[in-house]
Structures are given as C-alpha cells and as structure tokens.
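A.B. asks: The task is simple: from the sequences and hints, build the whole structure.
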Amino acid sequence: MINILFFARYRDVLQQDQLQLNWQEQWQTLGDIRDHLVRQGSPWDVLEDPGIMCARNQDMCRLDTAVHKNDEIAFFPTVTGG
Amino acid sequence: MIDIRVQTARFDPGQLTAAAHGGDLAIGAVVCFTGYVRDFNQQKQVHSMFLEHFPGMTEKSLEKIALEARQRWPLQSIQILHRVGQLEQGEPIVFVATASAHREDAFNACAFVMDYLKTRAPFWKKEHTTDGSYWVDGRASDQAAAARWKQNGKESP
Numbered sequence: 005m006i007n008i009l010f011f012a013r014y015r016d017v018l019q020q021d022q023l024q025l026n027w028q029e030q031w032q033t034l035g036d037i038r039d040h041l042v043r044q045g046s047p048w049d050v051l052e053d054p055g056i057m058c059a060r061n062q063d064m065c066r067l068d069t070a071v072h073k074n075d076e077i078a079f080f081p082t083v084t085g086g
Numbered sequence: 030m031i032d033i034r035v036q037t038a039r040f041d042p043g044q045l046t047a048a049a050h051g052g053d054l055a056i057g058a059v060v061c062f063t064g065y066v067r068d069f070n071q072q073k074q075v076h077s078m079f080l081e082h083f084p085g086m087t088e089k090s091l092e093k094i095a096l097e098a099r100q101r102w103p104l105q106s107i108q109i110l111h112r113v114g115q116l117e118q119g120e121p122i123v124f125v126a127t128a129s130a131h132r133e134d135a136f137n138a139c140a141f142v143m144d145y146l147k148t149r150a151p152f153w154k155k156e157h158t159t160d161g162s163y164w165v166d167g168r169a170s171d172q173a174a175a176a177r178w179k180q181n182g183k184e185s186p
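Sequence order for the protein chains is C and P.
Counting in our numbering, the final residue of the first sequence is number 86, and the numbers go up one at a time with none missing.
Counting in our numbering, the final residue of the second sequence is number 186, and the numbers go up one at a time with none missing.
Among the clues, some could well be false.
[Claimed, not checked] Pairwise CB distance ranges, derived in the manner of DEER restraints: (1) C:V42 with P:T63: 39 to 47 Å; (2) P:D41 with C:P54: 37 to 45 Å; (3) P:R168 with C:E52: 16 to 24 Å; (4) P:D41 with C:W27: 43 to 51 Å; (5) P:T63 with C:L25: 41 to 49 Å.
No lab work stands behind these hints, which were simulated from the structure alone.
Cβ coordinates follow ideal geometry from the N, Cα and C atoms, glycine included.
C.D. replies: As structure tokens, this is what we get:
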C-alpha cells in the first residue's frame, strides 16, 4: 500500500484529503505516482500544476525523489505561509 | 535553544519580543519579525483568512529551518511561532526571534528563517474577500528571496 495525502486547493478540487493505493512495482519516484493519478483524467489533472510540491514521510522532496512501499506521500500546491 | 510553536491562539508580539532576550548576558542582539494579515492581496479586499497546514510535517519543517539557521550563524536562541486556522484582518500570523552576540548574525538568521519558512513550510492561505474565498498563489518573489541563501550552488529541496 501507499498512503497519499492532499492539501489546500488540491484537496478541494479532488474532494478527498487522502487516498490509499495498492503498491505497483513499477513505481520508482513520486512523479510516477503523480503521473498514474493524472492518467485517471479530470479532476486528477489538477496535479499537473507546474507549482506542485510534495513530501515523502513528512519531509519536503521533489517529484524525482524515490518512493518505497508503505511510504506516506503528500502532494500540495506551492506553500504560502508567513 | 530552539522553540517551535504552531497554534490557533492569538499572540502578543510585544510580550514575545521582551521575552526573547531571556536574561542571557551572552546575547547582544535580538531581531524579531512579526507578519500580519493585511487588508489587500492580489487586488482584492481581504477581511479574514484561513491558514491550513500539514500537522506533524509543519513542526518538523520549522525545526529543520531553525537547525539550518543555527548551523549557519552563531545563535543563542531561535523562536518560530506560526498561527493556523481562522485569522482576522490586522492580526499577527507569524513571529520569528533570533538572538545572537552580534546584530549581523541575528539579522541574517531572522531573514533566512522567514525566507525559508515562506517557501518550505507546509502552510496555505485561503483568503476571504468581498468577492468570495480563494487560495493564495505562491509568489516567484518568495522563491527568489529564498534562493539568495543558497550555499555552494546547492539548495536543499
């Protein structure tokens, strides 16, 4: 399994704050999982946002960061705190 | 000392500023920054906002930023306080205090913490305006401000 969290605008558009997927052996990076979701069509195309940010096990990372079975990953729009 | 707080409650920047020295005689300079909810953003009248965050990761990210500041400058203490939830116009959102023997280190560390916080800590602002509510877009100028702290051409993600 892999647990995927969504925040802010993405959560609103997707109408869910988390999703669990069965692990697929071909997944190597967070970008692979993002691409898998985008292929499901609207509203998942919200994840094509050029400003997308992501985290793996609560550490900020990049789409080319390696992902492993049972990780918790998160996709979210560019942060706007402060 | 590193003090990280994420809270819904209002805070008094004056009280925190006065407490930042803490009677430590090695501290010669305390720099404090307070960010407030302003009435205007992206050309719309803002009356309040909601600040969403990623519980757990937020605290971890702020801690990481504080640790990095402490590696770069000799600091006696760093405090980062960020509010979440519903905030009204004119209320303080964020407070950063850096304390050091000398002012330059304290100034630089405070600016660094704010620049990194704005681009690396998982907070999102939803502004409530006279025309409805909308999520605030990330700014290229914030990314540029954070990029000036790059060391040896490298930057942590």
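A.B. asks: Lying within 39 to 47 Å: is that true of the beta-carbon distance V42 of chain C to T63 of chain P?
C.D. replies: About 40 Å separates the Cβ atoms of V42 of chain C and T63 of chain P, which means 39 to 47 Å holds.
A.B. asks: For the pair T63 of chain P and L25 of chain C, does the Cβ-Cβ distance stay inside 41 to 49 Å?
C.D. replies: Roughly 42 Å apart at Cβ, these two residues keep to the hinted range, so it holds.
A.B. asks: Does 37 to 45 Å hold as the CB distance between D41 of chain P and P54 of chain C, or does it fail?
C.D. replies: 40 Å, holds
A.B. asks: With respect to the beta-carbon atoms only, verify the hint that D41 of chain P and W27 of chain C lie 43 to 51 Å apart.
C.D. replies: Roughly 49 Å apart at Cβ, these two residues keep to the hinted range, so it holds.
A.B. asks: Is it true that R168 of chain P and E52 of chain C lie within 16 to 24 Å of each other by Cβ?
C.D. replies: For R168 of chain P and E52 of chain C the Cβ distance comes to about 20 Å; the hint holds.
Comparing the model with each earlier hint shows no violations; every hint is respected.
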